[in-house]
Amino acid sequence: MAEPVAAAGHPGPGPDLPDQGTVSALARRPAALGIFARVFPRLAARLAGAVFVLWMVATITFFAVRLIPGDPAQAVLGGPGSQASPEALAAVSAQYGFDQPVIVQYFAQLGRLATGDLGRSYALNMDVGPLVLSQLGGTLLLAVLALALAWLLALALATWSTRGGKVAARVGSSLEIVAAALPHFWLATSLIVVFSIGLGVLPPISTGDVAGLVLPVLTLAVPLAGFLGQIMRESLLVALESPFVLSARARGESERGVRWVHALRHASLPAISLSGWAFGSLISGAVVVETIFARPGLGRTLLNAVTLRDVPVVIGVVMIVAVAYISMTLLTDAASRLVDPRLRLT
Amino acid sequence: MNGSVVFGDSAAAVTVRNLRVGFGSAEPVVRGVSFAVAPGECLAIVGESGSGKSVTARSLLGLAGTNARVSADRLELGGQSVLGLAGRAWQARRGKDVGLVLQDALVSLDPLRPIGREIADSLRLHTTLGAAGRARRVLELLDAVGLPEPELQVRKLSGQLSGGERQRALIAAAIALNPPLLIADEPTTALDVTVQAQILALLEQITGAGTAVLLISHDLAVVSRVAHRVAVMYDGQLVETGRTPEVLGSPQQEQTRRMVAAIPGDKPRGTRLSPSDGPDTPSGLTATGDSRAEVSPESTVVLEAIGLSKSFRRQDGTRQLAVDDVSFALHRGSTLGIVGESGSGKTTTARLLLALLAPDHGEVRVFGEPWSTTSEKTRRGLRASVGAIYQDALGSFDPRWSVAEILTDALHLRHERGAPHTTARLTSLLDEVGLAPTVLPRRPLELSGGQRQRVGIARALAGRPEILICDEPVSSLDVTVQAQVLDLLDDVQRERGLSLIFISHDLGVVQHVSDHIAIMRDGRIVEMGPAERVFAAPQHPYSAQLLAAVPRLRA
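As they're listed, the protein sequences go chains A and B.
No gaps in the numbering here: position 209 of the first sequence is 219 in my numbering, and each next residue is one more.
No gaps in the numbering here: position 350 of the second sequence is 1085 in my numbering, and each next residue is one more.
Pulled out of the complex, with its shape left as it was, chain A reads as follows (with noise of 0.2 Å):
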């Protein structure tokens, strides 16, 4: 009588290990090409939609410029209020080339963006690429700090209001959505009432110091936190309740290592992939701040650059902007990878 093939007996290797060939084959291909193969594809195709990106940027903001009321030549030569004579607007309008038709302006800009040249402003009669660097470190600063200390909130909020307890959950859920609604230039505001007018503790404009900082970071964290909380709050709940924990408790594992060993991890995946959005609003976030609290930076540069209808000064921002937010998602990408390995092997 013929033994059945895998129904009794040894559990062996059977039909259900169908990924053998496969691994040796993967073993057998030298490793640095393997990498090489699989990683360039992918980076080419991220530069060329950063490169897509950019110059779709590029462009909506040269036409969005372009709807601002006013002739350009009149900014160059000292703004709506300067009594310029026609004759010299004539001239500053050949020389910038304002006469010629919009399409070729537009192209004669992709080519000196493309060439790394942001012009010169004209209203501040510097090179844009100069001015917006040394702007570009303050407002960095600002949104990374934001940042880190949003993810720092959120994540004690969440693992908190998670502990337990009806009234923990409900008080934690309560705070992030009054955190997450709080518009910046009322939280600022109130932040100076409170911190610099009652209790005199902190500056209520920027010194440059890090007692300067601590107003501005704390303005643009605290709504952030709300929204990373919630997201993380709920991710943490379903981690929590999921086979792979229940697993874990089973093998003995303590409340404390089933969070930072298993839960956690699966908690900060989606408000990974969010923070390069997240860092894109601080930026936006940040014209308010500076302005408020009178801090040198990119926003304020831009939104004094709006005003003065500066344009290369705007497109200069908004590209530097864009490059930040690219890098930033490339960023989160990585980070991503990191924590979750399932995405490292396609």
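Hint data in this document are derived by calculation from the structure and do not stem from the laboratory.
No residue lacks a Cβ here, since even glycine has one placed at the ideal position from N, Cα and C.
Among the hints, erroneous ones may be present.
The calculated SDA-like cross-link candidates involving lysine to any residue, where the alpha carbons are at most 25 Å apart (straight line), are [said to hold, decoys possible]:
hint, chain 1, residue 1, chain 2, residue 2
1, A, Lys176, B, Val764
2, B, Lys1112, A, Arg52
3, A, Lys176, B, Ala821
4, B, Lys891, B, Val842
5, B, Lys891, A, Leu250
6, B, Lys891, A, Gly121
7, B, Lys891, A, Lys176
8, B, Lys891, A, Ala345
9, A, Lys176, B, Gly822
10, B, Lys891, A, Arg269
11, B, Lys1002, A, Met136
12, A, Lys176, B, Glu762
13, B, Lys891, A, Ile282
14, B, Lys891, A, Arg347
15, B, Lys891, B, Gly868
16, A, Lys176, B, Val805
17, B, Lys1112, A, Asp343
18, A, Lys176, B, Leu798
19, A, Lys176, B, Glu875
20, B, Lys891, A, Arg52
21, A, Lys176, B, Glu1098
22, A, Lys176, B, Gly757
23, A, Lys176, B, Trp825
24, B, Lys891, A, Pro253
25, A, Lys176, B, Gly800
26, B, Lys891, B, Glu875
27, B, Lys891, A, Thr342
28, B, Lys891, A, Ala344
29, B, Lys1112, B, Glu1098
30, A, Lys176, B, Leu820
31, A, Lys176, B, Gly819
32, B, Lys891, A, Asp343
33, B, Lys891, A, Ala98
34, A, Lys176, A, Ala101
35, B, Lys891, A, Leu353
Not close to chain A: a few residues of chain B, all C-beta gaps over 10 Å, as computed [unchecked claim]:
hint, residue
36, Val764
37, Glu776
38, Gly819
39, Glu853
40, Ser857
Since the structure of chain A is already known, use the hints to place chain B on it.
Relative to the frame of chain A, chain B by itself:
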């Protein structure tokens, strides 16, 4: 019915007396359960979903839930009481005195951590072994559970392993410290039959090595393979406990008898599986023998697949052939069963037959007319005659629609909602699938699994189809509910003279419903023929292997 359990046996790995578990202020879901498992013994608790078996198992680990109220006269692991343990005291016992294996290791092992880390966790938590010592022990464990090349496997994520491999890894994690008691909660439910057979053999081996195994399952046939004793759970109580051959061979209690009778297995075609006086049985139907039209070679072919092939692009860019040169013909009034393990191309075939996918090569013909090759516009006229029933009835409904809306839509009567003739059509349709008109205002979520699948069948019947394509229609149902749905399909087939394509991974079910059967593997039909012939004398080695792996009642 606990006469056979010896209490006060200090040698037992686990002793439970009068266990009661409730949640919040609701009625207890476990009501006075008592049993004991000795070292080297396997006790199976069998019951349908909601019977309280999983809650019982989790109470033994102190993991019934945060709002669970657990009480018992005795609850002992290895002779020591664990009643009233909390926090760290419980953590110190879990993993060491008792291990847990859950269903589907894809979600029961942390998908973000390599399996080696997961297996090493118990060692990290309960022993003083260093990293090197733990790594060595993990390799030994993987070897013990029969995973080949452990050095390669430890770094893999659960998602990179096949179903059987990761279930072995999960078992390795549970037995890492050699706990005297291993609880396996539906350990083979998500697995293909051949893999299931291997995992059962592994559990048998673990029992043989002296571990007490508590097996929780809904499947009597699975249990009959490995369990020394069986306890049947119903509505929070153990209604029957005894040695496996006795309980399954001569069940004493109504619930046990019903479960045994509901197993389709090799019960002949046309035999009813559910008691005909059951509350869900359609009225006006009599359970007589097989009165179906004989299938003769000359009888009309209603659906024909000719050389169907379909491939999909994989993530790495290569193409995978999901369906490879599949041909068959479905005769009027007969049932063609398509069986295969996961990934064999069954569902792709169903989608090709429904013309939801276009084949790369080959053709599907319905009533001899072009079907897959014609335009969707021409097909639409014929669509009503080809109905479909899916495994996940819940997912196939719009959750916001009531049963009335779902069926009105299927009847193309949306513009005549609420009209008397519409209501009459709905009522007669529901009557045909054995549902009362009271379900009309309810939404899918408010229905039981069996009721949902009945609504799914009613929806498929609404267009007066002549062909029904059923893709795993009973796979998510309890065995007694499955029996009722199979009987229902049998009834409507007879009443309406339907032709059925019945796709399932469950050979027992396919054997029970099919006139002809096609066995699929890797996208190909490896064997096709009359059901009796294929089951009695399989020609292809894979068919033989598949049939041998099917758990059968061993009473």
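- Against the earlier hints, flag every one the structure doesn't satisfy and list their numbers going up. The structure conflicts with hints 2, 6, 7, 11, 17, 19, 21, 33, 34, 39 and 40, although it agrees with all the remaining ones.
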